[in-house]
Amino acid sequence: MPNHVTNVVSFSGDKSRISAMLKEIQNDEHGIGSVDFEKILPMPDTVYNGSLGIRERELYGENNWYDWRIGNWGTKWNSYGYTENTTFQGGKIIFLTAWSAPHPILQKLSEMYPDVKMEHEWADEDIGMNCGRYVYYDGERVEEYFPESQKECLEFAAKVMDVSLEEDYALYLNASETGYVNIEYDDEYELVEIEDLPALFTNERMLHR
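Here the sequence shown is numbered in the working numbering, starting from -11 and rising by one per residue.
No lab work stands behind these hints: they were computed from the structure.
For glycine and all other residues, C-beta sits at the position ideal for the given N, C-alpha and C.
Some hints here could point you the wrong way.
Stated by the list, open to error - Quick list of in silico lysine-lysine cross-link-like pairs, BS3-like style, CA-CA up to 27 angstroms:
| # | residue 1 | residue 2 |
| --- | --- | --- |
| 1 | K147 | K64 |
| 2 | K105 | K27 |
| 3 | K3 | K96 |
| 4 | K3 | K64 |
| 5 | K11 | K96 |
| 6 | K3 | K139 |
| 7 | K147 | K96 |
As the list claims (entries may be wrong) - Restraint ranges, calculated between C-beta atoms of paired labels, are given here:
| # | residue 1 | residue 2 | range |
| --- | --- | --- | --- |
| 8 | M100 | E131 | 17 to 25 angstroms |
| 9 | Y133 | S7 | 35 to 43 angstroms |
| 10 | E132 | N37 | 26 to 34 angstroms |
| 11 | E44 | E140 | 41 to 49 angstroms |
| 12 | P102 | A163 | 45 to 53 angstroms |
| 13 | R5 | N162 | 16 to 24 angstroms |
| 14 | R45 | N162 | 21 to 29 angstroms |
| 15 | E155 | I42 | 20 to 28 angstroms |
| 16 | P(-10) | I20 | 25 to 33 angstroms |
| 17 | K64 | A158 | 42 to 50 angstroms |
| 18 | E155 | E72 | 22 to 30 angstroms |
| 19 | E50 | E26 | 34 to 42 angstroms |
| 20 | I42 | A163 | 53 to 61 angstroms |
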């Protein structure tokens, strides 16, 4: 199974243009509030779209669905992760992708709708890794943000994924509130001192000082 990447795309601009865009790009199974990458960057019929093993690699080379999608979508599958009640609420759509965010899709969508401002935030389920924000307008990427510190990365990812660092990941702020430590409540901890500073020790590892 891949790492699931949460994608949150917010739109601002003329409401009629946004409505037209959402209708054009929707996944027909899930409706408004979803996105079908094939409607933005369709894969050509000439690309091999079957099982991909050694023999197929030899026959088709890079002209296969996997390499084409990685090169043109930035991810190997179409968007997924929708619920039965998928809707367009709060001016944004939310979906999952495999391993990476679909940056080429957002770039192309901005070229198709240059008058709509698009803010794309993404976060890997390996929380704190592979996360950031791009803003597109007029077919161009006009802004980017990548959190730097461990604390910034974790808090940014938690916001994008709509999860609790404490309840969902057992991550808690350290005493100086400069970072997070993992504290599992079924572990046993020993309070020790290192260089006259307190630290927690468990399972042959030190958590924080």
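Going through the hints against the structure:
Between K147 and K64, the direct Cα distance comes to roughly 25 angstroms. Compliance with the 27 angstroms bound is thereby established for this hinted pair. With a CA separation close to 19 angstroms, the supplied pair K105 and K27 stays within the 27 angstroms bound. For the proposed pair K3 and K96, the alpha carbon gap of about 20 angstroms is at most 27 angstroms, so the pair holds. At most 27 angstroms may separate the alpha-carbon atoms for a hinted pair to count; K3 and K64 exceed this at roughly 31 angstroms.
Taking the CA atoms of K11 and K96, the gap is about 16 angstroms. The hint holds against a cut of 27 angstroms. This hinted pair does not check out: K3 and K139 have alpha carbons roughly 36 angstroms apart, beyond 27 angstroms. About 26 angstroms separates the Cα atoms of K147 and K96, which keeps this hinted pair within 27 angstroms; it holds. Separated by about 19 angstroms at the C-beta atoms, M100 and E131 satisfy the suggested range of 17 to 25 angstroms.
Y133 and S7 have their C-beta atoms about 28 angstroms apart, which leaves the hinted 35 to 43 angstroms range violated. Checked against the given bound of 26 to 34 angstroms, the beta carbons of E132 and N37, roughly 33 angstroms apart, stay inside it. For E44 paired with E140, a C-beta distance near 43 angstroms keeps the hint of 41 to 49 angstroms intact. Distance hint check: the CB atoms of P102 and A163 are about 49 angstroms apart, consistent with the given range 45 to 53 angstroms.
Checked against the given bound of 16 to 24 angstroms, the beta carbons of R5 and N162, roughly 47 angstroms apart, lie outside it. Remark: the range hint 21 to 29 angstroms for R45 to N162 is contradicted by a beta-carbon distance near 48 angstroms. With their beta carbons about 45 angstroms apart, E155 and I42 fall outside the hinted range of 20 to 28 angstroms. For P(-10) paired with I20, a C-beta distance near 26 angstroms keeps the hint of 25 to 33 angstroms intact.
Between K64 and A158 the Cβ separation comes to about 31 angstroms, which falls outside the hinted range of 42 to 50 angstroms. For the pair E155 and E72, the supplied restraint of 22 to 30 angstroms holds, since their beta-carbon distance comes to about 25 angstroms. E50 and E26 have their C-beta atoms about 20 angstroms apart, which leaves the hinted 34 to 42 angstroms range violated. Between I42 and A163, the C-beta spacing of about 54 angstroms keeps the proposed range 53 to 61 angstroms intact.
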